[in-house]
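**Student:** Spelled out, the chains give:
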Amino acid sequence: MQPTLAQVLRAFLYLGATSFGGGRTAYVYEILVRRRRWIPTPEFLEDLTLSQMIPGPNVTNLAVVVGHRLAGLAGSVIAFGAVLVPGAVALMLMTVLYFQTGIPSSAQALIRGGAAAVAGLVVVMTLRLAATLRDWRSIAVVVITFVAVGVLRLNTVAAVLVVGGVSLWLHRPRA
Amino acid sequence: MDLVVLAATFAWMNMLCIGGGLSAVPEMERQVVGHGWVTSREFVDGYTLAQLTPGPNMLVAAFVGYRAHGLPGALLAAIGMFLPSAIIVGVIARQWEHVRVRPWPDAFARALAPLGLGLAVAGAFTVARNAIHDWPTALIAAGAALVLARAWLPPFVVILLGGVVGWLLGL
Chain Z
1 MQPTLAQVLR AFLYLGATSF GGGRTAYVYE ILVRRRRWIP TPEFLEDLTL
51 SQMIPGPNVT NLAVVVGHRL AGLAGSVIAF GAVLVPGAVA LMLMTVLYFQ
101 TGIPSSAQAL IRGGAAAVAG LVVVMTLRLA ATLRDWRSIA VVVITFVAVG
151 VLRLNTVAAV LVVGGVSLWL HRPRA
Chain B
1 MDLVVLAATF AWMNMLCIGG GLSAVPEMER QVVGHGWVTS REFVDGYTLA
51 QLTPGPNMLV AAFVGYRAHG LPGALLAAIG MFLPSAIIVG VIARQWEHVR
101 VRPWPDAFAR ALAPLGLGLA VAGAFTVARN AIHDWPTALI AAGAALVLAR
151 AWLPPFVVIL LGGVVGWLLG L
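If you're matching them up, the sequences are chains Z and B in order. 118 is the number that this note's numbering gives to position 118 of the first sequence; each next residue is one higher, with no gaps. 26 is the number that this note's numbering gives to position 26 of the second sequence; each next residue is one higher, with no gaps.
One or more of the hints may lead you astray.
Now the in silico label distances, taken between C-beta atoms and shown as ranges [to be verified]:
no.: 1; chain 1: Z; residue 1: V96; chain 2: B; residue 2: L168; range: 22 to 28 Å
no.: 2; chain 1: Z; residue 1: Q100; chain 2: B; residue 2: V5; range: 22 to 28 Å
no.: 3; chain 1: Z; residue 1: Q7; chain 2: B; residue 2: T39; range: 16 to 22 Å
These are computed hints drawn from the structure, not numbers from a lab. Glycine residues also receive a C-beta, built at the ideal position from the N, C-alpha and C atoms.
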């Protein structure tokens with residue numbers, strides 16, 4: 001089923017306005033594949049891999065690829081803008097409040113508590129993803145990358161180039 | 001001039017998001033604090049605000065840009081943060097049907113996945129190290145982790161509750 005541009009715009013504005021916290025790609029799947037049935041699951045998974053293969057924030061990349069599948073170049077542009085604008089407006093309002101008016105110390109406590117909760121969430125979500133790994137090559141790449149960038153705080157680009165090269169070698173096509 | 005550096009820095013951060021925005025967080029914190037655009041505490045607060053509002057967390061770029069140069073800074077930082085990869089992925093999406101069957105693009109996709117995951121774990125570590133500095137914050141983080149792992153409440157509610165607990169404890 002091929003949605004119109006207006007339908008694509010509405011769907012991505014909705015995604016942009018209601019996706020909180022982590023696991024947003026699962027949310028996109030829920031809205032576009034399961035509820036609206038615009039894309040079959042295998043095609044969605046292919047779009048997901050493509051959007052993750054290219055660097056850049058996942059959700060906007062995914063919006064571009066899925067938008068393209070749904071409505072070509074115009075679909076890409078509309079999906080990209082619509083998924084960003086609601087959150088950008090909301091965050092700007094909060095940012096102006098934070099820096100201009102200054103946030104009272106009670107709200108500071110609120111933010112510190114929220115930040116601690118966020119820390120708990122991101123740790124669980126990343127460990128949950130890491131727990132899906134089964135083969136030793138992938139596990140080794142994850143552990144080495146984490147130690148180099150997270151613990152030793154080495155330059156991310158250097159680490160990506162070195163570990164990425166090793167990873168590509170480990171995953172090279174077998175003839 | 002600093003506006004150009006700001007946009008370029010976030011365009012660079014865009015290229016560092018591998019397998020999700022979290023992978024760019026360690027380097028982003030280093031750079032934005034190093035350039036004097038925000039303090040590391042403001043950065044964590046901004047990241048939290050980005051979590052509390054809908055949309056990608058990498059909108060934290062707009063928070064940093066606003067602090068450095070007002071609304072033009074926010075706009076340029078956001079464009080730098082999101083546009084470069086969107087253009088690249090858009091171009092590839094148009095060619096994808098022809099490319100995906102070749103062996104090297106497939107190997108590239110499989111090699112990149114664990115690298116992105118390792119960077120995401122490092123990003124989680126950076127967020128945790130900045131947000132957890134005493135027993136109350138550690139307890140809130142552990143509680144939030146438990147509630148999320150058991151799927152008792154949606155993430156947004158957990159973050160708000162963490163904030164309320166922080167407010168009650170007077171962090």
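**Student:** Next, verify each hint and record whether it holds.
**Tutor:** Consistency of the hints with the structure:
1. The given range of 22 to 28 Å is respected by V96 of chain Z and L168 of chain B, whose C-beta atoms sit roughly 27 Å from each other.
2. A C-beta distance of roughly 24 Å is found between Q100 of chain Z and V5 of chain B, which places it inside the suggested range of 22 to 28 Å.
3. Between Q7 of chain Z and T39 of chain B, the C-beta spacing of about 44 Å breaks the proposed range 16 to 22 Å.
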